[in-house]
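Student: If you read the protein sequences in the order shown, they are chains R and L. For what it's worth, my numbering labels the leading residue of the first sequence as 3, then goes sequentially. For what it's worth, my numbering labels the leading residue of the second sequence as -1, then goes sequentially.
The hints are all genuine.
Stretch by stretch, here's where chain R covers chain L in the computed footprint (C-beta under 8 angstroms, at least three residues):
#	stretch
1	15 to 23
2	58 to 68
3	73 to 83
Honestly, the hints are just simulated from the structure, not real lab data. A quick note: this is a predicted structure, and the numbers were derived from the prediction, not measured. For every residue, glycine included, the Cβ atom is placed at its ideal position computed from N, Cα and C.
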Amino acid sequence: MSATMTGAQIVLKALQDQGVEHIFGYPGGAVLPIYDEIFQQDAVEHILVRHEQGATHAAEGYARSTGKPGVVLVTSGPGATNAVTGLTDALMDSIPMVCITGQVATHLIGNDAFQEADTVGITRPCTKHNYLVKSADDLPRILHEAFHVATTGRPGPVVVDIPKDVQFAEAKYMRPTAVKHKTYKPQIKGDIEAIYTAVDLISKAKKPVFYSGGGVINSGPQASQLLREFVKLTGFPITSTLMGLGAFPSADPQWLGMLGMHGTYEANLAMHDCDVMINIGARFDDRITGRLDAFSPNSKKIHIDIDPSSINKNVAVDLPIVGDVAHVLEDMLRVWKSRAVEPDKKALTDWWAEIETWRRRKCLAYRKDDKAIKPQYAVERLYELTKGPNTYITTEVGQHQMWAAQYYRFEEPNRWMTSGGLGTMGYGIPAAVGVQVAHPDALVIDIAGEASVLMTMQEISTAVQYRLPVKIFILNNEYMGMVRQWQELLHGGRYSSSYSEALPDFVKLAEAYGATGIRAEKPDELDDAIRKMIKTKGPVIFDCIVTKEENCFPMIPSGAAHNDMLLADDQGLDIEVSDAGKVMV
Amino acid sequence: MQDQINTHTISVLVDNEAGVLARVIGLFSGRGYNIDSLTVAEVDDGAHTSRITVVTTGTPMVIEQIKAQLGRLVPVHRVVDLTVETDSVERELALIKVSGKGEARVEALRMSEAFRARVVDATPDSFVFELTGRTGKIDAFIGLMRPLGLKEVSRTGVAAIARGAEAM
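All chains, please: the whole structure from these sequences, using the hints.
Tutor: Here it is, written out as structure tokens:
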């Protein structure tokens, strides 16, 4: 008979047995017993953030750059409610996360006690699953189950809410191997009959396109390798969503660039005109499809997704395959090779010729300026001076995020951390902190905007405390740029509350935090300033002053179809956005 | 065809744990699905499973989504669309209070016999009828009671089960 331990000891033991090395958190009354246990051990390192939202985004950055679950520890009440944004973000982007929240003692639950919130009630719609642990006897099983649910199937955040008396109560520990779930059994292998049909359909395609997404990244490095092999074998063009960047190398000639609202002309037209679309781990998000009834009207659509509820949600598909990307691609490749399938070379040559005419449109070209720094130029230079397998990019949300996606190029998965689904401004700094914790020797850069970055600026203090040399590269145009762009295009240029008034001096702000501040205002000083940033040992806030009213193009206006894109040259033209389009976000 | 709105009866077998009903209801409200009726009770106290029967309406794509979304909730064992996958039996129980005197009272009692409703409570000027049947039958009976002094209705919502030897 094994000895008992306290609930708080069980938490730490379970974290160790799950292989957790780092947790991101913030203490408070309802988690003091767990913090006391953290103090008395060395296996799990706690990173003290400055706000619970920062803990969740740091855990997301950690998870997305490693493939391991991110772990968060916060207190009850405001600790838990502050974590809600990051939990929702992780749910939308399928990031594995386990968030442990303290709760008031069980006898106080429901009494409006100090720092009480109905955490499982509040987080039910923004987690993959959540638990309120009412007895320490259930704690080991629930903790291991939480990791299992968070990391398998379509990954997501799981909350474990632990009342303070349960943290003190004695119970027997149970090792993770003993956990078996009654109901939760995600489908991993794809239906082989569907895979046969898919191979048949793919082999007969005349205008095919691969459309890959974040599911490839989540499936692990092997999925990216298999995707690369399959794309090479077929000779087909490939595009990817924002979340999928890096799964396929951008230097490859078969790469069309990102698709969607700010995707490339060639990617979107290939999607519109294709006859067979192979969706691998993407979910036909509205940023991708544009106007639904005009979305890729003449194609047969194959959809590989681990989540059955992603199938036929927005777009009716012809051939759904529910399963994990790596497993399905492995089977598909095996079938493809065993049948010695040859794609239609003649048709493909014609298709590529058509794509080349779109590529020649050079949709990402922009007018250079030798007096002021264009934001596109800033990202291009940043890319040229920092590219490499040991560089990790995070972003905030807005124009700078899209320019980062367009002009920074990724050759490997897990190097690109961005808030895609929820679009959370303030994601970038804490995510960079999380990435740097996981990869202490890497170059971690948050490509930011001056508005977003202020939402979680306090996490620079975390970076300074733990000597995490993150680089915050702010494209400072003194506007909430994407808001301003939409106001220009849709609301008569009335810039309602989108000007970044009363900005801090970012160089002085960096110094106040004990970091280094660098500013660049002219194109000819940019390269040296970036080099200085790279050479600086500690965290840096780089204030890159860019042209103020640059728009992010190409753009599919809301409610428009893929073949109805706005390109940079159209700037200044009056665009017609339908009433149906105006109500879209 | 794709836009046609149909009514479906869906059976969901769940682990009877705290919050499971909130998960199901939250899913419907959060995603804007309709609930026409919802019934829930523990059906196996040994296995701690409950059965939720939900009657919902939507286009074929929405119904497919509802089933997929229900299926991915962690405590859900099985989801069966009784309208599509099987031939099924559906029943609802209603308690219907009618008050009145004289001819109306006699007519209400006469109607209850025609519908095979049972009188479960009676006072000199009221009846409570218990009626079991398909939703349409109960709707019809309530309609008939309205001019006869209908006071109050309590309905269980639909319980449903597939015909034949197979269990869900």
